[in-house]
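**Q** Chain by chain, the residues run as shown.
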Amino acid sequence: MSTPIVVEGLTKRFGSFEAVTDVTFTAPAGAITALLGPSGSGKSTVLRMIAGLEEPSAGRIVMDDEELTVKSVQERRVGFVFQHYALFRHMTVAENVGFGLRVRKQDKTVREARVRELLELVHMEPFADRYPEQLSGGQRQRVALARALAPAPRVLLLDEPFGALDAKVRQDLRRWLDELHRELGVTSLLVTHDQEEALELANQIVVMHEGRVEQVGSPGEIYDRPATPFVAGFVGAANVLHGEVVGGHIHLGSIRIPGAAQLPWGETLIAHVPNDDLVGVVEGDTIHVDLRNPKAFLVGSETSTERADVSART
Amino acid sequence: MGSVAQTLGGRSGLWSSQRTTAVLRHLALRGAAVVYLGLLVALPVLAVITKGFGDGLGTFRDAMATPAAWAAIRLTLWTSTVAAGLNAVMGTLLAWVLVRYRFPGRRLLSTLIDLPLAIPTLVTGVMILALYGPNSVFGRFLDDLGIRILFTPIAIVIALCTVTLPLVVRNVQPVLQELDPAEEEAAATLGAGPQATFRRVVFPAIRSAVVAGTLLTFSRCLGEIGSVILVAGNIPKKTLTAPVFIFQLTSQFKPAQAAAVATLLFGLSFVLVLVTSRLIARNEASA
Chain A
-11 MSTPIVVEGL
-1 TKRFGSFEAV
9 TDVTFTAPAG
19 AITALLGPSG
29 SGKSTVLRMI
39 AGLEEPSAGR
49 IVMDDEELTV
59 KSVQERRVGF
69 VFQHYALFRH
79 MTVAENVGFG
89 LRVRKQDKTV
99 REARVRELLE
109 LVHMEPFADR
119 YPEQLSGGQR
129 QRVALARALA
139 PAPRVLLLDE
149 PFGALDAKVR
159 QDLRRWLDEL
169 HRELGVTSLL
179 VTHDQEEALE
189 LANQIVVMHE
199 GRVEQVGSPG
209 EIYDRPATPF
219 VAGFVGAANV
229 LHGEVVGGHI
239 HLGSIRIPGA
249 AQLPWGETLI
259 AHVPNDDLVG
269 VVEGDTIHVD
279 LRNPKAFLVG
289 SETSTERADV
299 SART
Chain B
2 MGSVAQTLGG
12 RSGLWSSQRT
22 TAVLRHLALR
32 GAAVVYLGLL
42 VALPVLAVIT
52 KGFGDGLGTF
62 RDAMATPAAW
72 AAIRLTLWTS
82 TVAAGLNAVM
92 GTLLAWVLVR
102 YRFPGRRLLS
112 TLIDLPLAIP
122 TLVTGVMILA
132 LYGPNSVFGR
142 FLDDLGIRIL
152 FTPIAIVIAL
162 CTVTLPLVVR
172 NVQPVLQELD
182 PAEEEAAATL
192 GAGPQATFRR
202 VVFPAIRSAV
212 VAGTLLTFSR
222 CLGEIGSVIL
232 VAGNIPKKTL
242 TAPVFIFQLT
252 SQFKPAQAAA
262 VATLLFGLSF
272 VLVLVTSRLI
282 ARNEASA
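Order-wise, the sequence lines are chains A and B. End of the first sequence = 302 in our numbering, gap-free, step of one. End of the second sequence = 288 in our numbering, gap-free, step of one.
Read the hints as simulated data drawn from the structure, not as lab findings. A quick note: this is a predicted structure, and the numbers were derived from the prediction, not measured. Beta carbons are placed, not taken as given, at the ideal position from N, Cα and C, and that holds for glycine. Warning: the hint list may mix true and false statements.
Unchecked claim - With beta-carbon atoms standing in for the labels, derived distance ranges:
#1 A:E43 to B:R141: 43 to 49 angstroms
#2 B:P121 to A:A152: 46 to 52 angstroms
#3 A:S60 to B:Q178: 22 to 28 angstroms
Please build the complete structure, drawing on both the sequences and the hints.
**A** Now the structure itself:
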């Protein structure tokens, strides 16, 4: 049984600095939701507040119709995977995986069976008696995942789980996590700064910037219809063109686009052309840009993030 | 190494003369180290043991036959045990506070911890006298409550704790610093409360550092004289510790007796040093 995670108006202040401002989203049950944003965007802080490792200044977190904000870390039953594994270095792989069952006073035979089951799941059974320092980074993270899953948590929280690994291992683990999630179907929240990772793994993406949510949507929506200039610039390899409204026309470099009579004089805009739309273009080609096709162009104000529809053809 | 030089060209003659010099240099260095250690440590140890056992076990037995000798050894052992135990707990706590908390005055606290190592232990003794003496406000206050500190074993324990304060702290601190706080957070998300986290995650990681620091403290306590001689009162069979006893015996021209007690103290310290160095080596291997 999986549960959605409902986050409402979550805010975190460190002294006078507001790291997270009024964050609201729902991570659907059984799906992977990615919290995507650059470093310092507050995404890890949101994850840590859901786990109970950080206390929110305002807002609430609900799981299974149960208000979590007042509960201790220990009572929340969340699985947490850290960027640098955080394995217990003086314990073997099997002892690490069994830790959560041990502190919850599970019967020894039950515990051993569960540890075996999880080591099998993450393909680490031959390493049961090794110590973390004898494992590679990828292996350590698989053990960390098994350890987080062992007490059957209600949700799985992953904080940049592949951040410390090299590109090749990261690719493999990503694919493997995808398969594992299909098998287990546990509600997962993944913090990452890697848009490729978010687009590939997640069913839903929450884009964060400077402590606020910029956009919540499916990977397709985020990629094709970025809601704000920030999302347009951060997600995907896109060309961002800066323009200005002059006398009812939008000036984008040397291009003049009519039909912006409703926009105020002097308003600055950005246009967004995803690189994918330009694949196969060679020198000398004539390019038609259809401004009504949102896939090709976003026009939004740089200052207000409001969308403006422009119906015109070049 | 020789074979490499030979394959490089037929200059083995030159090489072998260089080799001889190198061998001689190694011998000289090693010789110097051995002689220095021998003069400073091995020979005096041999001398005190020979003296202590003089004409066999008899001298040793005679020396130890005086009730004051045994009482002194016993007193030293139990006050050292109490002091080492106290500093094991408080030293670990101090190290924890220094590593995990940021607060105003943390730097000052850190400096204060090292102070007892920097100042002569006699000065520490004078400081304790000044604080608990009948002429100080604090001393008078305790006196009014009927609590006597000076010239009792309590004063000895206080002196020992002060003098050895940095040892556990500075042993545990670097190990704690290396411990990733995420390990404790991981334990918490897995359902472990603060106590279980300390017992199962933190303590196992710092255990050998705590034990090593405690043993070091204990062996340092066994030999402490400077501060103790001032505050203990040195009443035979009551507050006369073994080191002070040895000091008195030598000034009373009883070198054989002094050597006997010293030999016993030496034996205890030696065992402790062996255990400690083994623990420290294991600690470094696991870090």
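**Q** So, for every hint listed, does it hold in this structure?
**A** How the hints compare with the structure:
As the Cβ distance of E43 (chain A) to R141 (chain B) is approximately 48 angstroms, the hint placing it in 43 to 49 angstroms holds. Between P121 (chain B) and A152 (chain A) the beta carbons are some 50 angstroms apart, a value that agrees with the proposed interval 46 to 52 angstroms. For the pair S60 (chain A) and Q178 (chain B), the beta carbons lie near 27 angstroms from each other, so the given range of 22 to 28 angstroms is met.
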